[in-house]
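Engineer: Sequence:
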Amino acid sequence: MAVNRVTLTINSRQYTVVAEESKEYIEKLCNHINEKVAEVRKGGQNVLGERPVVLAALNICDEYFKTLEVSKKQEEELETCRLQLSRFQPAPRQMTIDSGTRSEIDKANKRIEFLEGHIKELENKLRGQQDRSRKS
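All residue numbers for the sequence shown refer to our numbering, where the first residue is 6 and numbers rise by one.
Since the hints were derived computationally from the structure, they do not count as laboratory data. Heads up, a few of these hints could be off.
[As the list claims (entries may be wrong)] Dumping the calculated DSSO-like pairs for lysine-lysine here, alpha-carbon to alpha-carbon at most 30 Å:
(1) Lys71 <-> Lys28
(2) Lys33 <-> Lys78
(3) Lys41 <-> Lys28
Given only the sequences and the hints, what does the whole structure look like? Please build it.
Structural biologist: Structure below.
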């Protein structure tokens with residue numbers, strides 16, 4: 006990614022920032038910082054030097070950490086909802102078959118195999134008879 010060099014003015018001082026982010030994005034950050042500095046100055050106190058920037062940075066960090074906390078709570082609520090939803094979904098059913106039933110199933114499967122073989126024999130005989138009748 007390209008490296009961008011952006012000159013910014015924060016609290017009447019110029020800073021050069023080198024970053025991979027776009028110039029527009031860096032300027033957006035700068036504007037946000039300047040808005041927060043203006044809010045600090047509107048607080049009625051005579052704040053000079055770097056103090057407005059430091060106080061603005063504290064306010065931005067405060068917003069950031071509160072947003073993280075809200076996000077964490079939302080993730081926890083989402084997980085709670087997922088757990089509640091999973092209780093409403095049917096669990097996969099597993100069948101247990103006793104040995105007597107298993108034996109009957111095996112017999113039925115063998116009978117099916119026998120009948121399928123018998124059907125094939127009859128189909129072959131029928132084809133043979135059809136072939137002989139066509140030749141005649």
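Engineer: Each hint should be assessed against the structure and marked as holding or not.
Structural biologist: Hints, one by one, checked against the model:
For the given pair, Lys71 sits about 28 Å from Lys28 by alpha-carbon distance, which is consistent with the 30 Å threshold. With a CA separation close to 28 Å, the supplied pair Lys33 and Lys78 stays within the 30 Å bound. A hinted pair counts as satisfied when its Cα atoms are at most 30 Å apart, and Lys41 with Lys28 qualifies at roughly 20 Å.
Hint check: no violations occur; every hint is consistent with the structure.
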